[in-house]
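Colleague: Assemble chain B onto chain A, guided by the hints.
In order, the protein sequences belong to chains A and B. Sequential numbering of the first sequence, starting at 1, is according to this note's numbering. Sequential numbering of the second sequence, starting at 1, is according to this note's numbering.
Just to be clear, a hint being listed does not mean it is correct.
Heads up, simulated EDC-like pairs for lysine to aspartate or glutamate below, C-alpha to C-alpha not over 20 Å straight-line [said to hold, decoys possible]:
{"id": "1", "chain 1": "B", "residue 1": "35", "chain 2": "A", "residue 2": "80"}
{"id": "2", "chain 1": "A", "residue 1": "149", "chain 2": "B", "residue 2": "60"}
{"id": "3", "chain 1": "A", "residue 1": "226", "chain 2": "B", "residue 2": "56"}
{"id": "4", "chain 1": "A", "residue 1": "144", "chain 2": "B", "residue 2": "19"}
{"id": "5", "chain 1": "A", "residue 1": "144", "chain 2": "B", "residue 2": "3"}
{"id": "6", "chain 1": "A", "residue 1": "82", "chain 2": "B", "residue 2": "56"}
Calculated from the structure, these hints are not laboratory results.
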Amino acid sequence: MGKNSKVNIWVLITGLVIGIAALALTALGNPKNMGFCIACFERDIAGALGLHQAAVVQYVRPEIIGLVLGSFIMSLATKEFKAKAGSSPAVRFILGASVMIGALVFLGCPLRMVIRMGGGDLNAFVGLAGFAIGILIGIFFLKKGFSLKRNYSVTLTEGFVMPVSAVVLLALVIAVPGIFLFSEKGPGSMHAPLFVSLAIAMVVGALAQKSRICMVGGMRDVVMFKDFNLLSGFVVVFVTILIGNVILGNFSGFSTYLQPIAHASQLWNLLGMVIVGWGSVLLGGCPLRQLILAGEGNGDSAVTVFGMVVGAALAHNLKLAGSAASLAEDGTYNAGGIADTGKVAVAIIFVVLLAVSILNIPRLDKKSK
Amino acid sequence: MVDARGLSCPMPVVMVQKEVNANKPSELEVLVDAKVCVENVTRYASSQGYDVKVVEKDGEFSMTLKKK
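Bound-form chain A, shown alone (with noise of 0.2 Å):
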């Protein structure tokens, strides 16, 4: 493996700064395990936004704003904004949404899926298996020369759509928050207060975007360049959580049984996470890098978040999202799972992400010119 094992420390750093957020926020009134989950957040902004009614999930959650304004601050600091679009957008939506259904179905984004291991639910390792392999069925289309094909640059008002939207929606939940939706009870209803939510996630942000730290280019650099660099991060992450659930005496060893906002339907955990796998290496980075990418003025990358977003509608309204475990109060254990709608959905998704896949081969007689 050479040098190129080396390791950038921006990366080791991040690591370490998310499993000690995630931490942090779960402490401050996140739900158990997600300090941060870019899907199930995205989901709950559009809740609050009556994207979808789905009563217990909805909530601005400031980590997304956060997580936006800190990459495109930083990114300005390092002159690195640069306003670009056009590889591919309305299938980078279709993607984007794909991804968010995988990922409901499992219940997490490959960021939550590692918190969740650290938190000892063994269901979300039966979610990195499926991650693993939807990786490697990615990276093969990419070895057959898969491309969305190369983005321009444009003006700047198409590099400012998504910090100017979170900066926008902040200001609207601080000055009017009675027009959007928040959760009474369940997920939604719990969270840490808003400006420590949106300060950490800005740090971490801004940490993301100078580290390059992605959940999916970790395994897929691995496998195709035999680089560590971006694994080191997701295996800091893990970590991190693990020791650091430890000490705060929320680990009670490795279980399938009732996990927090998991479910134990382990066919559709692996499935969930191959949608997402795949959908992410075809993105070219995982739904955290979509959004510090659109935080640096990445117009495809904001129109990834916005199909995510959409897709987190849809998967509510039409019920293809994952519904955790649960206890009754007779104590009658329900390991939760998804409906037959989701089960539909996720095989006209594999369809989906196999002719996005095929179709964006160059065609042999075109390679040799």
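Modeller: Relative to the frame of chain A, chain B by itself:
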């Protein structure tokens, strides 16, 4: 020459990898337009025994990879 301008991760590195594996060039010019691509291509190139020189012009980066 590899022109990877406008391509997102990890396409620039994939293109350089393909060229390196196919032709084992002693010198290779790579064009990219994002710092992150410069970092990724540099990491890959040095692992393959190349020295890397980067010249920035108008937000684009011209990278020269030379076999050590």
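Colleague: List in ascending order the numbers of the hints, as given earlier, that are violated by the structure.
Modeller: 3
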